[in-house]
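Following the hints, put chain B in place on chain A, whose structure we already have.
There are 2 protein chains.
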Amino acid sequence: MKIVILGGVAAGAKAAAKLRRLMPDAEIDLYTDDTHISYSACGLPYYIQGNFADYKTLLVRSPQEFEAQGVHIHLLSRAIKILPELNQVLIQDLKENRAFLVEYDQLVIATGARAVIPPIKNVNLKNVFTLRHIEDGIAIREKALTSRHATIIGSGYIGLELLEAFVELGLKVTIVEFAPFVLPIFDTDISSLIQEQLAGISDNRFQILTSELVTELYNNERGEVTGFKTGKGKEFFTDMVVICAGVKPNIEFAREAGVAIGETGAIKVNKHMRTNFQNIYACGDCAEKMLMIDGAKVWIPLGSTANKEGRVAAINISGGDQDFEGVLGSAVVRCLSLTMSMTGYTEKKASLAGFQPVSATVTKFDRVGYMPDVNNITLKLIADKTTGLLLGGQAVGAGDADKRINTLTAALIGRLTVEEFTKNDLTYAPPFSPTIDPLLNAAQILLAKIKKD
Amino acid sequence: MKIVILGGVAAGAKAAAKLRRLMPDAEIDLYTDDTHISYSACGLPYYIQGNFADYKTLLVRSPQEFEAQGVHIHLLSRAIKILPELNQVLIQDLKENRAFLVEYDQLVIATGARAVIPPIKNVNLKNVFTLRHIEDGIAIREKALTSRHATIIGSGYIGLELLEAFVELGLKVTIVEFAPFVLPIFDTDISSLIQEQLAGISDNRFQILTSELVTELYNNERGEVTGFKTGKGKEFFTDMVVICAGVKPNIEFAREAGVAIGETGAIKVNKHMRTNFQNIYACGDCAEKMLMIDGAKVWIPLGSTANKEGRVAAINISGGDQDFEGVLGSAVVRCLSLTMSMTGYTEKKASLAGFQPVSATVTKFDRVGYMPDVNNITLKLIADKTTGLLLGGQAVGAGDADKRINTLTAALIGRLTVEEFTKNDLTYAPPFSPTIDPLLNAAQILLAKIKKD
Numbered sequence: 008m009k010i011v012i013l014g015g016v017a018a019g020a021k022a023a024a025k026l027r028r029l030m031p032d033a034e035i036d037l038y039t040d041d042t043h044i045s046y047s048a049c050g051l052p053y054y055i056q057g058n059f060a061d062y063k064t065l066l067v068r069s070p071q072e073f074e075a076q077g078v079h080i081h082l083l084s085r086a087i088k089i090l091p092e093l094n095q096v097l098i099q100d101l102k103e104n105r106a107f108l109v110e111y112d113q114l115v116i117a118t119g120a121r122a123v124i125p126p127i128k129n130v131n132l133k134n135v136f137t138l139r140h141i142e143d144g145i146a147i148r149e150k151a152l153t154s155r156h157a158t159i160i161g162s163g164y165i166g167l168e169l170l171e172a173f174v175e176l177g178l179k180v181t182i183v184e185f186a187p188f189v190l191p192i193f194d195t196d197i198s199s200l201i202q203e204q205l206a207g208i209s210d211n212r213f214q215i216l217t218s219e220l221v222t223e224l225y226n227n228e229r230g231e232v233t234g235f236k237t238g239k240g241k242e243f244f245t246d247m248v249v250i251c252a253g254v255k256p257n258i259e260f261a262r263e264a265g266v267a268i269g270e271t272g273a274i275k276v277n278k279h280m281r282t283n284f285q286n287i288y289a290c291g292d293c294a295e296k297m298l299m300i301d302g303a304k305v306w307i308p309l310g311s312t313a314n315k316e317g318r319v320a321a322i323n324i325s326g327g328d329q330d331f332e333g334v335l336g337s338a339v340v341r342c343l344s345l346t347m348s349m350t351g352y353t354e355k356k357a358s359l360a361g362f363q364p365v366s367a368t369v370t371k372f373d374r375v376g377y378m379p380d381v382n383n384i385t386l387k388l389i390a391d392k393t394t395g396l397l398l399g400g401q402a403v404g405a406g407d408a409d410k411r412i413n414t415l416t417a418a419l420i421g422r423l424t425v426e427e428f429t430k431n432d433l434t435y436a437p438p439f440s441p442t443i444d445p446l447l448n449a450a451q452i453l454l455a456k457i458k459k460d
Numbered sequence: 008m009k010i011v012i013l014g015g016v017a018a019g020a021k022a023a024a025k026l027r028r029l030m031p032d033a034e035i036d037l038y039t040d041d042t043h044i045s046y047s048a049c050g051l052p053y054y055i056q057g058n059f060a061d062y063k064t065l066l067v068r069s070p071q072e073f074e075a076q077g078v079h080i081h082l083l084s085r086a087i088k089i090l091p092e093l094n095q096v097l098i099q100d101l102k103e104n105r106a107f108l109v110e111y112d113q114l115v116i117a118t119g120a121r122a123v124i125p126p127i128k129n130v131n132l133k134n135v136f137t138l139r140h141i142e143d144g145i146a147i148r149e150k151a152l153t154s155r156h157a158t159i160i161g162s163g164y165i166g167l168e169l170l171e172a173f174v175e176l177g178l179k180v181t182i183v184e185f186a187p188f189v190l191p192i193f194d195t196d197i198s199s200l201i202q203e204q205l206a207g208i209s210d211n212r213f214q215i216l217t218s219e220l221v222t223e224l225y226n227n228e229r230g231e232v233t234g235f236k237t238g239k240g241k242e243f244f245t246d247m248v249v250i251c252a253g254v255k256p257n258i259e260f261a262r263e264a265g266v267a268i269g270e271t272g273a274i275k276v277n278k279h280m281r282t283n284f285q286n287i288y289a290c291g292d293c294a295e296k297m298l299m300i301d302g303a304k305v306w307i308p309l310g311s312t313a314n315k316e317g318r319v320a321a322i323n324i325s326g327g328d329q330d331f332e333g334v335l336g337s338a339v340v341r342c343l344s345l346t347m348s349m350t351g352y353t354e355k356k357a358s359l360a361g362f363q364p365v366s367a368t369v370t371k372f373d374r375v376g377y378m379p380d381v382n383n384i385t386l387k388l389i390a391d392k393t394t395g396l397l398l399g400g401q402a403v404g405a406g407d408a409d410k411r412i413n414t415l416t417a418a419l420i421g422r423l424t425v426e427e428f429t430k431n432d433l434t435y436a437p438p439f440s441p442t443i444d445p446l447l448n449a450a451q452i453l454l455a456k457i458k459k460d
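In order, the protein sequences belong to chains A and B.
For the first sequence, our numbering assigns the number 8 to the initial residue and increments by one for each residue that follows.
For the second sequence, our numbering assigns the number 8 to the initial residue and increments by one for each residue that follows.
Looking at chain A on its own, in the form it has when it is part of the complex:
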């Protein structure tokens, strides 16, 4: 049995490791256009920030470790064409610039996603970066250490993590967001609050430009970026730019081969992570996901999901029978003293999906008010008015805002109604929560709203 895996960051590396254990006799080859495999891309902002000195800390398993177990790793080798009828893939060797064909019995597509580059004049200047790979992180850190000002285009999860990193390194930072508020994946009421709270802790270390876009980059005679111009015609100096304006799945070569693409633009897979071809699987950021709440197709590319999908694909390839039940879109991001977290549907997306969302938002202490270190958190709960079913939640604050969202994920898995959730018996002690946790406050208010009229 010849197994070929395309891509090796999270899903691909996980699939390779799991397949090795499950199928000791299979021939396993992993091809990636990257220079590294099996690394924690989510850790790059913390490497840049200097939380650890050696980027190798991010490597989960080295090519040598894989090779020692008989998994052949081919770096700088990009898949450019799949020939499904022939069970072959055409690979381009980026070092020697030649192409060659490899055969497979089973193929795993785990080619991930790449940064979206907005239409900006002069975008290819020196010191203009994206952040996906280890080398990106190394280059950004190196440049940041000698810079005074950094610009971040986009204020999603990675944009905000980089904002923290640059501020901690002592740079002045400008973050430019096209949407009216930062972190636009959240509901507008929460995004606007996040923006207000970020502004409140800025202390002249960073500025946020919203409803703005970068249209042009300026450079010096060495081809280095020196500034930028916005859509509203403002001009700014900068020493470096990182583009964090979203990602898109690497699926073009798969589409060309007839691999079905879902409505979200990512590769369509069933619960076994199999594509429309019997012996081609897809997992990780290049694959479409299913929302566990209602089975809706979504594309929410996250590292934790990629790991799980790689594992499930491997189990099924080896003859097992394991379903990947889908995601909730749960995510958390820290930016300096603020934590922002969400799971499930936002109110706006719940409406689009045909629910009748109703929500309750509370701002409360995260522990008893007389304790040192008490902080506020704002918590929004969303439910369907017709059924009372919980649909999602968002939290933001200097307080303990992350794990409360995880209490909600279990409620979503259990398909609890708001009323059922109000019965929850959460732990209580003064250092950890108020007598009535903000989660229960919000649930009680939401229940009253649902019951009214």
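Be aware that a few hints might be false.
Below 25 Å or equal to it, Euclidean Cα-Cα: the simulated DSS-like pairs (lysine-lysine) are [to be verified]:
1. B:LYS371 with A:LYS63
2. B:LYS356 with B:LYS456
3. A:LYS275 with A:LYS255
4. B:LYS241 with B:LYS179
5. A:LYS458 with B:LYS278
6. B:LYS430 with A:LYS430
7. A:LYS459 with B:LYS25
8. A:LYS356 with B:LYS430
9. A:LYS371 with B:LYS25
Hints in this document: simulated from the structure, not taken from any laboratory.
Showing chain B alone in chain A's frame:
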């Protein structure tokens, strides 16, 4: 309508406030043998520790505020007899030492619990305390500020909170536990680990004696405690002693009146918090609770539960129809840098309740290993082997051990099996959790154990 409430800390005060809102015309009288009402007893260890200067911080609502709303507060007034056929209660005025009868249409028993005093010779010496009331907290803090050594008898939640308080105040502390390990409400494997971890952070500031009891107290000529002797015959000096050897419900006067007592020794109530008498309710620490997992009767006296029960009793007295669905026994306690948390059944109690418990325990980082402030947590998950249903969990560690138990509470409310719980999509970012959260690690191991044989 005349409503009489007996007791006024959490359940009684909450019932009074809620009844006032729901029944503006009712005559409401609250009798308590305490000198304060409506206070956060759970905050007393933090007052003793000095987290805030004024004990009044612990008062939620003053007698004056209640009076302003027409709720009559009678301090130092103890209920000594209920005459259910006459709808009267005999009250003893502790200030003037006289008794008087009051009439009620509806009676709320919220008399709480009191400390159990073990059979110790000379237990009534000066500087021997229990910790239930505001004055206890004031007296303990006052004595601690001039003491060099404190002894705590019992290592439950309050014992461990006091251990932290005394250590933070710079006292040398001895904690004496009759059971083989501290915090014996946890399973023995976790209790023994807690003890080991506590010993690891002691730094000569405190010592733990287990499988030991205090048999005798020694005193000086002023009647002050100066030391103690243990069952194994060891002798120790001490400047003060706090007895935290458990509590029992204040129900004797109710039992005498024919109010039914449940198998747990607390007052039997239905989901409306009503006793066997149509117009007598009980709530808070004096009332029996139901475990939501299987409907078993339990007595787990906790402040957060008392608040909810007081609210439910008030709603039903006012003609509403609200059930209190019960508890999970969720609790958390901090002791210095350690957090200990639990919910649902322990393995030992699950066995006694007729389940076939199977468990998985993992010790993992609480966030990604390369992050600063990373710490270990140990997490134990318990499920029923036959049905796969989750039954409970326990967590301990220097890491983020509290909120992960709250994720489990929602899973218990939703009656999730371990397999369903493994599908959970928890939030992930390096500062908050490893890629695979310890909760999911433990669930996966537990699932494998359940599926095996």
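Among all the numbered hints in the text so far, which are the ones the structure does not match?
none
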